[in-house]
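Asks: Read off the chains here:
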Amino acid sequence: MSEVVVEGVTKKYGKNVVLDNISLKIDAKEYFVLLGPSGSGKTTLLRLVAGLEEITSGAIYIGGKKVNDLLPKERNVAMVFQNYALYPHMNVFENIALPLRVRGMTKADTARKVKEVAETLHIQALLEKKPKQISGGEQQRVALARALVRDPTVFLLDEPLSNLDAKLRVEARAFLKRLQKDVGITTIFVTHDQAEATTMATRIAVLNKGKIAQVDDPYMLYARPNDVFTAGFVGSPSMNLVHGVAQRLGDQWEFRNDDISVGLGRVHFDKDTKVTLGVRPEQLTVSRVGSGLAGSVSNVELLGSISYVTVAVGKTSLTIQLTGRPDLEIGDEARVGIRPEGVLLFDDDSGRRVGSQEN
Amino acid sequence: MHQGQTLKVGLVLASPIIVYFAAFFLYPLLNLLQNAFTSTSGSFTLANFQSMLSDPILSVSLSNTAYYFVGSVALEYSVGFVVAVILYAYTGRLKSVFRTIIFLPLMVSPVVIGLMWLLILNTNYGPLDYILSPFGLGTVNWLGSQSLAMPSLILANTWEYSPFVFLIIYAGLQTVPPHLYEAASVDGLSRFETFRYITLPSIRPSIVVAFLLNAIGVLKGFDLIYVLTNGGPGFSTYILSFYTYVVGFSFFETHYAAAIALLFLAIIGTFVFAMLRFTSVEEYLGLRRGKGE
Amino acid sequence: MKGRNLLLIAILAVISLVYLFPIYWTVVTSLKTSTEVFTRPPVFFPSQITLSNFFVSVDVFRAVSQTAVGSIPWMIDSTIIAVLATLISTFLIAAPAAYALVRFIRNVWLARLILFMTMIPEAVFVVPFFIIDAKLGLLNTWWGLILVYISFSAPFSTWLLMGFFNDVPKSVEEAAQIDGLSPYQIFYRVSLRLVTPGIIAAVILSFISCWNELLYALVITFSPFPSGSQTVPLFLTSFIIVEKSFNWGGLAAAGIFTMLPTMIMGIFAQRYLARGLTLGSVKG
Numbered sequence: 001m002s003e004v005v006v007e008g009v010t011k012k013y014g015k016n017v018v019l020d021n022i023s024l025k026i027d028a029k030e031y032f033v034l035l036g037p038s039g040s041g042k043t044t045l046l047r048l049v050a051g052l053e054e055i056t057s058g059a060i061y062i063g064g065k066k067v068n069d070l071l072p073k074e075r076n077v078a079m080v081f082q083n084y085a086l087y088p089h090m091n092v093f094e095n096i097a098l099p100l101r102v103r104g105m106t107k108a109d110t111a112r113k114v115k116e117v118a119e120t121l122h123i124q125a126l127l128e129k130k131p132k133q134i135s136g137g138e139q140q141r142v143a144l145a146r147a148l149v150r151d152p153t154v155f156l157l158d159e160p161l162s163n164l165d166a167k168l169r170v171e172a173r174a175f176l177k178r179l180q181k182d183v184g185i186t187t188i189f190v191t192h193d194q195a196e197a198t199t200m201a202t203r204i205a206v207l208n209k210g211k212i213a214q215v216d217d218p219y220m221l222y223a224r225p226n227d228v229f230t231a232g233f234v235g236s237p238s239m240n241l242v243h244g245v246a247q248r249l250g251d252q253w254e255f256r257n258d259d260i261s262v263g264l265g266r267v268h269f270d271k272d273t274k275v276t277l278g279v280r281p282e283q284l285t286v287s288r289v290g291s292g293l294a295g296s297v298s299n300v301e302l303l304g305s306i307s308y309v310t311v312a313v314g315k316t317s318l319t320i321q322l323t324g325r326p327d328l329e330i331g332d333e334a335r336v337g338i339r340p341e342g343v344l345l346f347d348d349d350s351g352r353r354v355g356s357q358e359n
Numbered sequence: 001m002h003q004g005q006t007l008k009v010g011l012v013l014a015s016p017i018i019v020y021f022a023a024f025f026l027y028p029l030l031n032l033l034q035n036a037f038t039s040t041s042g043s044f045t046l047a048n049f050q051s052m053l054s055d056p057i058l059s060v061s062l063s064n065t066a067y068y069f070v071g072s073v074a075l076e077y078s079v080g081f082v083v084a085v086i087l088y089a090y091t092g093r094l095k096s097v098f099r100t101i102i103f104l105p106l107m108v109s110p111v112v113i114g115l116m117w118l119l120i121l122n123t124n125y126g127p128l129d130y131i132l133s134p135f136g137l138g139t140v141n142w143l144g145s146q147s148l149a150m151p152s153l154i155l156a157n158t159w160e161y162s163p164f165v166f167l168i169i170y171a172g173l174q175t176v177p178p179h180l181y182e183a184a185s186v187d188g189l190s191r192f193e194t195f196r197y198i199t200l201p202s203i204r205p206s207i208v209v210a211f212l213l214n215a216i217g218v219l220k221g222f223d224l225i226y227v228l229t230n231g232g233p234g235f236s237t238y239i240l241s242f243y244t245y246v247v248g249f250s251f252f253e254t255h256y257a258a259a260i261a262l263l264f265l266a267i268i269g270t271f272v273f274a275m276l277r278f279t280s281v282e283e284y285l286g287l288r289r290g291k292g293e
Numbered sequence: 001m002k003g004r005n006l007l008l009i010a011i012l013a014v015i016s017l018v019y020l021f022p023i024y025w026t027v028v029t030s031l032k033t034s035t036e037v038f039t040r041p042p043v044f045f046p047s048q049i050t051l052s053n054f055f056v057s058v059d060v061f062r063a064v065s066q067t068a069v070g071s072i073p074w075m076i077d078s079t080i081i082a083v084l085a086t087l088i089s090t091f092l093i094a095a096p097a098a099y100a101l102v103r104f105i106r107n108v109w110l111a112r113l114i115l116f117m118t119m120i121p122e123a124v125f126v127v128p129f130f131i132i133d134a135k136l137g138l139l140n141t142w143w144g145l146i147l148v149y150i151s152f153s154a155p156f157s158t159w160l161l162m163g164f165f166n167d168v169p170k171s172v173e174e175a176a177q178i179d180g181l182s183p184y185q186i187f188y189r190v191s192l193r194l195v196t197p198g199i200i201a202a203v204i205l206s207f208i209s210c211w212n213e214l215l216y217a218l219v220i221t222f223s224p225f226p227s228g229s230q231t232v233p234l235f236l237t238s239f240i241i242v243e244k245s246f247n248w249g250g251l252a253a254a255g256i257f258t259m260l261p262t263m264i265m266g267i268f269a270q271r272y273l274a275r276g277l278t279l280g281s282v283k284g
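Chains as they are written, first to last, in my numbering: chain U, 1 to 359; chain R, 1 to 293; chain V, 1 to 284.
It is worth saying that the hints were derived from the structure and are not from the lab. A few of these clues could be false.
Computed list of lysine-lysine pairs in DSS-like fashion (alpha-carbon distance at most 27 Å, straight line) [unchecked claim]:
(1) R:K8 with U:K66
(2) U:K211 with U:K12
(3) U:K12 with V:K170
Footprint (simulated), chain R over chain V, 3 or more residues, beta carbon under 8 Å [said to hold, decoys possible]:
(4) 113 to 123
(5) 203 to 214
Anything over 12 Å on all C-beta distances counts as not near chain V; from chain R, calculated [to be verified]:
(6) L53
(7) L62
(8) S63
(9) L189
Since the structure is predicted, the reported quantities are computational estimates derived from the model, not experimental observations. C-beta: ideal position from N, C-alpha, C; glycine also.
All chains should be built: construct the whole structure from the sequences, respecting the hints.
Replies: Structure representation (structure tokens):
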């Protein structure tokens, strides 16, 4: 009753295609995240679901009903904007009450509902204040209250955490996640921050330049990215991506570029293929001696319990994750080892993941 | 917003102004056009425009207008500009006091300004003669002599209008980011060089807008002339705006008046056209390039 | 630095004197006795002050009236006309039009047209406006002038408010959309409330320009309240024409008295004037 279905939706501004044939199914009560860099179309998609913009072609269904031609207020959606968009000339109570008053609710009922929601979000003390008198975190909760007070079918959030400072942001993430679970409302959340996405979402849709790259739960996006864009975008620090060619070597295949060669085990190809090899920092090892790829240390970053060491193997750069303090310094000779189970290959032409036998 | 709904709402909101526009802009314009191109019998004619070529009062009005225009704009623009720069250079607690004083002429109605200058420019008892007497002038018939009437008008108009130029230039000066001056002083520019190479280019838009608005304001002016000289002595202070009124309401020549009104409109139109090239209406409407997500 | 500032203060003081002088002279003249008014050399600092000039009775076109008190019928006309013209022009015509232009009909040529309309001289349309008022039987009435005054008040206020409406964040209006308000409700309950400084500037400037207007009043009205709707500038011009040669004290007093309302408004409005009068953002 509150699933959202996006079917073949395209959005153009003149000749500029911002969203290209997007199809998604969002289940009721899901915490669904639209993730992507700026310009990927994620906010546009959210606004199409809200009804703030018109769809060029395709359809959107909320709770089974086609909503293409419905105004925002007829869709029973609620939205929290990046800058919260509170009404500056009204106090907090009036801000939250407005959606109810507009629907003709009596003053008494309105007051009751507003107080209820205010308690859920711990903002009862702020009801008399004006938006400019309260902090950013408090403003955000007022925006949430205003959205929730109407018992909407779908809850839309447009990068609501990006205006908060780092510590508040972490608290807000947990708060939002708990809130969504308690209220049990279908939620679509837009962000460019992949850490935010992976910590909060039940499922994530990764968007790139108006197209969907992959839709999956956070773990699968991390471990089994379908294409090179998703592989590089999800995970911090990002996956090491190296260009090269997959070539036959005897009856095995290997990955090779000017600097390195890596055996590919049981993987097969039809022919020599240009590929990108991806491997996450935690799937690499580095030490002074050994049988791995030879290179020299170009950077060392200490992050407390973990460190990242970047080694230049010829022109190829690899970042390796270690626990504790490394005993390597910039300029040292080092050897990099690759765990074969962590290797992913992506076809350079299509960007898609290729060449594995088990997924 | 859905497209169809958008336009409809816009039209509903704009309906009062559209109705007003039709009644009090389009209809008068059509009325003028009709009158200008017809004779009193109602037939089509270009005679009204031909009469303009042989009308001695019109040619006097036009040359007077040019005189008034050049004199007024030159004087009040320079004064307004200089005063703006001086106040801008001054840093002190009296700044807003001076600014209020300079604004005063803007708050006085033009008719009262005329009244004031009438008192000042009086031949026998006005203070202006007296103040200038060290220059050996004696009593001067400011408003009564054909050669001095226009300069007197220009003087009064300068007092009236220079604060307006001041306002625009001063506002423009305020928008110059202070860090430009800091960078200039670090780079070792003298005050004069800073003014010439940093300040002036930064306020170029204000310079142009102030000039054009000043020009248009001077051309529109009517009240001062009506009160101070009523066009005289003789026709020495007839300017186009005044003459347009005279033809309509002293001579009662509706058709000829319409032709002159259109001429006046055309002249103003060229200045407005210039003004439009320097004003970015797009930004004002919030139309910007590039819609993204 | 200090020395330079002192020099600037001196220059500014001289400039201030020049700008203050006409006002000073008029105020002083209004307070002088007639012996001190008509003297050579002119008296800059009167030895005697009198308020009689404000109350001397005067024959203005054979309708006996007195200065100060006498101008009251004209003041009534001016007030009613300026208030009604301003209210109608700002709230009924300019505000919705400005909002429509900025949010819905975002047409560059229409915006330019509005700008053009603010610059049309009064003399251009004075004959057609007279004809319209005559045909509607509105000569010498309040509405005759009110309707005509909207012709300069509305375009200017519209232009002014366009800038202010443009500054209202779209996201607040979109939030209102999602909250269920219709576009008209959004205009009235949200956007209009957020442009209050612009409204104040528009109202004050419109009132002042209606109060001071001469040409249309000259042509359309011929007697004051209660029989007609002549405004204050006409009171002054008749006064000037009649009294130009002798009753200067009274003339000065009339000028000062009728100038007070707009001058007080102007001083109060200074803060809002600067933003509004720099017509629009300008490309460099």
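Asks: With reference to the structure, classify each hint as holding or not holding.
Replies: Structure-based check of all given hints:
no. : hint              : result
1   : R:K8 with U:K66   : holds (24 Å)
2   : U:K211 with U:K12 : holds (13 Å)
3   : U:K12 with V:K170 : holds (21 Å)
4   : 113 to 123        : holds (count 8)
5   : 203 to 214        : holds (count 4)
6   : L53               : holds (20 Å)
7   : L62               : holds (14 Å)
8   : S63               : holds (18 Å)
9   : L189              : holds (17 Å)
Checked against the numbered hints listed earlier, the structure breaks none of them; every hint is satisfied.
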